[in-house]
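Undergrad: Below, each chain spelled out in residue letters.
4 protein chains.
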Amino acid sequence: MDKRRLESFSDGVIAIIITIMVLEMKAPHGYDLVSLKPVLPVFISYLLSFIYIGIYWNNHHHMLHLVREVNGKVLWANIHLLFWLSLIPFVTAWMGENHFAKWPVVLYGFNLLMAGCAYFILSQSLIHLHGKKSSIAAAIGADRKGKLSVLIYAAGIGLCFVHPALGFACYLIVTAIWLVPDKRIEKSIGNKQ
Amino acid sequence: MDKRRLESFSDGVIAIIITIMVLEMKAPHGYDLVSLKPVLPVFISYLLSFIYIGIYWNNHHHMLHLVREVNGKVLWANIHLLFWLSLIPFVTAWMGENHFAKWPVVLYGFNLLMAGCAYFILSQSLIHLHGKKSSIAAAIGADRKGKLSVLIYAAGIGLCFVHPALGFACYLIVTAIWLVPDKRIEKSIGNKQ
Amino acid sequence: MDKRRLESFSDGVIAIIITIMVLEMKAPHGYDLVSLKPVLPVFISYLLSFIYIGIYWNNHHHMLHLVREVNGKVLWANIHLLFWLSLIPFVTAWMGENHFAKWPVVLYGFNLLMAGCAYFILSQSLIHLHGKKSSIAAAIGADRKGKLSVLIYAAGIGLCFVHPALGFACYLIVTAIWLVPDKRIEKSIGNKQ
Amino acid sequence: MDKRRLESFSDGVIAIIITIMVLEMKAPHGYDLVSLKPVLPVFISYLLSFIYIGIYWNNHHHMLHLVREVNGKVLWANIHLLFWLSLIPFVTAWMGENHFAKWPVVLYGFNLLMAGCAYFILSQSLIHLHGKKSSIAAAIGADRKGKLSVLIYAAGIGLCFVHPALGFACYLIVTAIWLVPDKRIEKSIGNKQ
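Chains as they are written, first to last, in numbering that gives the first Met the number 0: chain A, 0 to 192; chain B, 0 to 192; chain C, 0 to 192; chain D, 0 to 192.
It is possible that part of the hints are untrue.
One copy or any two copies: either way a pair holds, since identical chains are not told apart in the list.
As the list claims (entries may be wrong) - Listed below are the simulated DSSO-like cross-link pairs for lysine-lysine, each with C-alpha atoms no more than 27 Å apart in a straight line:
1. LYS131 with LYS72
2. LYS144 with LYS2
3. LYS144 with LYS131
4. LYS144 with LYS132
To be clear, the hints were calculated from the coordinates, so they are not data collected in a lab.
Just chain A, with the same shape it has in the complex (with noise of 0.2 Å):
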């Protein structure tokens, strides 16, 4: 089977949620540039989960590069990421309009685990239908980096409990890491050309 509309639907989908995030930035009542400030949390949540997502996607195109064919095993694993990935706007919204409250920020943090989670189960069911001597799972590896996130998301959100701000600076951290393109998968890709 084709990797193709697994790529243009995983496409739209992540599109969407990255574009109607916005959505909840309702435009204030007020015209002047004070009326704007009950918004600057919902847009700071709003800047963090487009990161995010567009870390997602920009990962997410990268390994998909490497994929020769796809299963139902796959399409499911990459509908189970989808799932997590879509109530992002749901915990970005109650975060920014609670301003980075514990339990907001807590929920935030779980469901960057189980995106976390359900990207790593995605990867393992590529290596597993390509084999261990493929491409892919030469570029993916030992995951170190997606292992760590899990960790450090696990830890942000056992942080929360000492002060929000801890957790969402361990979420921060996750973000800084990602940020860094995945060189492993860009050099599989250089040397094979």
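Once you've looked at the hints, dock chains B, C and D against the given chain A.
TA: Only chains B, C and D this time, still in chain A's reference frame:
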């Protein structure tokens, strides 16, 4: 006529349907865990619908994979299917907000029933176009799974008048039937390759 | 310049237009069948618009199928068409919520009229680009169906001032005209193959 | 790495942005013509933003047409552009609802300014990747139009403090500049063929 745009349009519509449902899950005003409670039935409703739409996309993907060409009738049979799928966010919201009361569960089942019929019409129009000896006709065959689903939906709608939970259970059974990937088509693809 | 991105962008926009209209159908607060009653005119309005957008997508699909190349003028003629289509959710909601009152039905007709004109401009710009002897020029020909639609829309708008139901009936007539697939283009494709 | 998914993801996001803006145009409660009056500034605001997004899609289409490959930097430069475009529905709604008051017009201009800068960064990252002698570098050249737009946006923001209408006029001038299709790139494509 080629099938590429049919696929990409369907991917677009299905991607939007599966994603805008989350817009019905409004972020609650409170910031503690208990304020999430009223969102729970909406979430369960969303989860079920997400799985349904995922199943439809998956089966659509499998079926279209075997299609060589499309005509005007297929285009309209496909738009007819997309129409019923497009109503799922509405019935999902109504069912979730009313905590699975009788009539919302009936309407939800009716929508699924009509989508099931529309999918059957689409598959028949594809068989009609490709001929009884085509690989798509062989793969779909007697379509027992499709017919069974429609029967269970109808039974579920009837059982709602005894208790909505019985109807809802019927819908879950159909989900379980379809979550198993369609071996017939995967096998047919495997044989051809 | 190739037509692929024009098609995929149009598919995206049309897919979104056809789907977001359902967001106007708010789930009613009651949970019995009678509470669905106020949704009924919105539903009828949605159904008609869904068919219209479906017709446009279908015709767009047929017409672009014969297109070999596009230029800047075609891109803008297409964006112009998408603009008028993008307003259909707005006029649909206004018409549905006001139970097919005079002015909403007039505005709905005006929107359809402008979309019809935009489609005509797009087809003419494609004929201009490909030449009078191209297969697309032959397929579109005198475009009697397109011109007739615009005339019926105009008549419908006028008849609204007698009674909105007469205007609405005119719009339904245009729907019926177009639901028949465009034989000219299918034939032209058939002849070429 | 190939550019196909970059194009399809961008098409998806831009298609959604251009379409969800219409959701801000709420159907008025009255059913006579006069009840449309409050929607008028929102409509004008929507119309302008629709044209802007159309211009961006058009230019993006032209520029990507000359691109042979993409890398991680290009992907992020593109996501950066999409971020600023995704905020346009928000600033459009704020400007329309406040009847083109000073601060909303300033923020609208600032958003356009940032989108203009992001587009410039994207084009530079593409030139950097393809080399100074590539057809894309030749087509973009000194990018006088891009630089001029950014200057006029900045001037427009400043003029808002004299009168918002002056700022708005500046934005209209930029629209006029870009509505003329990018002859440089069309010519470059023409020469190559």
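Undergrad: For each hint, tell me whether it holds in the structure or not.
TA: Verification of the supplied hints:
1. LYS131 with LYS72: within (17 Å within a copy, 29 Å between copies)
2. LYS144 with LYS2: Answer is both: 25 Å inside a copy and 25 Å across each meet the 27 Å cutoff.
3. LYS144 with LYS131: within (19 Å within a copy, 35 Å between copies)
4. LYS144 with LYS132: within (20 Å within a copy, 38 Å between copies)
In this structure, every one of the numbered hints holds.
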